[in-house]
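Assemble the whole structure, with the sequences as input and the hints as a guide.
With full-length UniProt numbering as the guide, the letters of the sequence shown map in order to residues 1 to 420.
Honestly, I wouldn't trust all of these hints.
Each computed BS3-like pair below joins lysine-lysine, with the alpha-carbon atoms no more than 30 Å apart [claimed, not checked]: (1) K120 / K218; (2) K288 / K332; (3) K332 / K218.
Cβ-Cβ distance ranges computed for the label pairs, FRET-style [unchecked claim]: (4) P256 / S136: 29 to 35 Å; (5) G252 / A290: 46 to 52 Å; (6) R306 / P256: 22 to 28 Å; (7) R130 / G252: 27 to 33 Å; (8) R328 / R249: 36 to 42 Å; (9) E213 / T65: 17 to 23 Å; (10) P113 / G261: 23 to 29 Å; (11) A108 / E289: 50 to 56 Å.
Read the hints as simulated data drawn from the structure, not as lab findings. Every residue gets a Cβ at the ideal spot worked out from N, C-alpha and C, and that includes glycine.
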Amino acid sequence: MAERMGFLWSQDKRLKQNVSQPLNFPGYAASYGPAFQSCRTSCTARGPAHVPDHLMRLTAPHPETWLRSLPQGLYCEPADLFIDPVVPVERAAITHAHADHARPGHGAVLATPETLAIMKTRMGVERAARAPQPLSYGEQITINDVGLRMEPAGHVLGSAQIVLEWRGSRVVISGDYKRASDPSCAIFQPVPCDVFVTEATFALPVFRHPPAEQEIRKLFDNLTVFPERTHLVGCYALGKCQRLIMLLRQAGWVAPIYLHGALMNVCRTYEALGVGLGDLRPVTSVPKEALRGGIVLAPPSALADRWSRRLHDPVPVLASGWMQVRQRARAKGVELPLVISDHADWDALLATIRDVQAPEIWVTHGREEALIHAAGLMGVRGRALRLIGYGEEDDDTAVAGGGMTGGETAGAVTTDGKSV
Numbered sequence: 001m002a003e004r005m006g007f008l009w010s011q012d013k014r015l016k017q018n019v020s021q022p023l024n025f026p027g028y029a030a031s032y033g034p035a036f037q038s039c040r041t042s043c044t045a046r047g048p049a050h051v052p053d054h055l056m057r058l059t060a061p062h063p064e065t066w067l068r069s070l071p072q073g074l075y076c077e078p079a080d081l082f083i084d085p086v087v088p089v090e091r092a093a094i095t096h097a098h099a100d101h102a103r104p105g106h107g108a109v110l111a112t113p114e115t116l117a118i119m120k121t122r123m124g125v126e127r128a129a130r131a132p133q134p135l136s137y138g139e140q141i142t143i144n145d146v147g148l149r150m151e152p153a154g155h156v157l158g159s160a161q162i163v164l165e166w167r168g169s170r171v172v173i174s175g176d177y178k179r180a181s182d183p184s185c186a187i188f189q190p191v192p193c194d195v196f197v198t199e200a201t202f203a204l205p206v207f208r209h210p211p212a213e214q215e216i217r218k219l220f221d222n223l224t225v226f227p228e229r230t231h232l233v234g235c236y237a238l239g240k241c242q243r244l245i246m247l248l249r250q251a252g253w254v255a256p257i258y259l260h261g262a263l264m265n266v267c268r269t270y271e272a273l274g275v276g277l278g279d280l281r282p283v284t285s286v287p288k289e290a291l292r293g294g295i296v297l298a299p300p301s302a303l304a305d306r307w308s309r310r311l312h313d314p315v316p317v318l319a320s321g322w323m324q325v326r327q328r329a330r331a332k333g334v335e336l337p338l339v340i341s342d343h344a345d346w347d348a349l350l351a352t353i354r355d356v357q358a359p360e361i362w363v364t365h366g367r368e369e370a371l372i373h374a375a376g377l378m379g380v381r382g383r384a385l386r387l388i389g390y391g392e393e394d395d396d397t398a399v400a401g402g403g404m405t406g407g408e409t410a411g412a413v414t415t416d417g418k419s420v
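Next up, the structure:
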């Protein structure tokens, strides 16, 4: 309960006015007035180590006083640090290596070792960070009295929630995340906090994603029905590609999986980081006839590109959370839609809000209004955090900084995208 109530106490006007009246929170009948102030003053005089946690949290500053949304990105003022900035800055903390969150040209960059390795693969060593600073999951550092650590987000390999703690208040910035299990990355870990900054890509009740294993069975069933056709699966280079490969392996596919050239480098990086992907081959390494009944992974743009003509009677397949919307599948000419997403669906978003026990959420890049309304029904305050420059699943937006593309929009689909 103390985790949940921290900021509410600090905002109560009676406490600020030092009036000896009980605060009306379940389980807390004590009066906070002169006695509380005396106790806090006495403890503080002996040093921070002597201040009980519950007293520190009673007067913890609300995050809106030390976290700001600026044109560059979300800024932690006491640490002088940006989270996922959209333009080059001197100090950045990066949640994951998708191009709409990890931009080139920063100075000091805090990220997990896996994220830094993938950034170097995609951007080059010099552009990824002038001063890379790896931070493993659970490792705590302090920057100007701000505690910072990273916890798994379950989005892609190396993806992290950034946990910030300052003067008794705690904020968790989720980045992109999912709750479903993923053999290619660490699973999301809920962190109790006072404010939870959450994405809202699939924040509508219509988005309830089936188990990924069920969708893989659909692919296998289609291979049985059309054993002579090559199944061309559109997926994004970072995260979705490697997750699909591991799901296929777990389901019993031991044959080679053929890759478009745009997917090879990140797969090699995954393997160098200890993620085994099995027998992968460039699609150009075999003749057209050898691909009959095979599986080829490629960027979504390749489904409608002349490149696909090299395949034998291809079946266009697309793996995306948006494939739950059949009109999108038809519009993209997808014959076999697979509803596989690397983002939390509606139920997972609500479950996460319950799990982190935050009295307040900040919602970004997605369908903020629906999630804020649903959170309100759960007794959780919500506000839209307007951050520019972040794409959402199936958004083909070019992002600033080196011309890398961030993901997938309703327009043409790019080869270098975010995982959805």
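Is the distance from the Cβ of R328 to the Cβ of R249 consistent with 36 to 42 Å?
With Cβ atoms ~28 Å apart, the hint is violated.
Range hint 23 to 29 Å: satisfied by the CB atoms of P113 and G261?
26 Å, holds
Given the hint of 46 to 52 Å, is the C-beta distance from G252 to A290 inside that range or not?
Since G252 and A290 have Cβ atoms about 21 Å apart, the given range 46 to 52 Å is violated.
When you check the alpha-carbon spacing of K332 and K218, does it fall within 30 Å?
Holds: K332 and K218 sit about 19 Å apart, inside 30 Å.
For the pair R306 and P256, does the Cβ-Cβ distance stay inside 22 to 28 Å?
24 Å, holds
Go ahead and decide if the range 50 to 56 Å is satisfied by the Cβ distance of A108 to E289.
52 Å, holds
Is 17 to 23 Å right for how far apart the beta carbons of E213 and T65 are?
45 Å, violated
Would the hint linking K120 and K218 be met if the CA-CA limit is 30 Å?
It is violated: about 36 Å lies between the C-alpha atoms, which goes past 30 Å.
Quick check: does the Cβ-Cβ distance between R130 and G252 fall within 27 to 33 Å?
46 Å, violated
Is the straight-line distance between the alpha-carbon of K288 and that of K332 30 Å or less?
24 Å, holds
Status of the given 29 to 35 Å range, CB of S136 versus CB of P256:
34 Å, holds
Of the numbered hints stated above, those contradicted by the structure are hints 1, 5, 7, 8 and 9, listed in ascending order.
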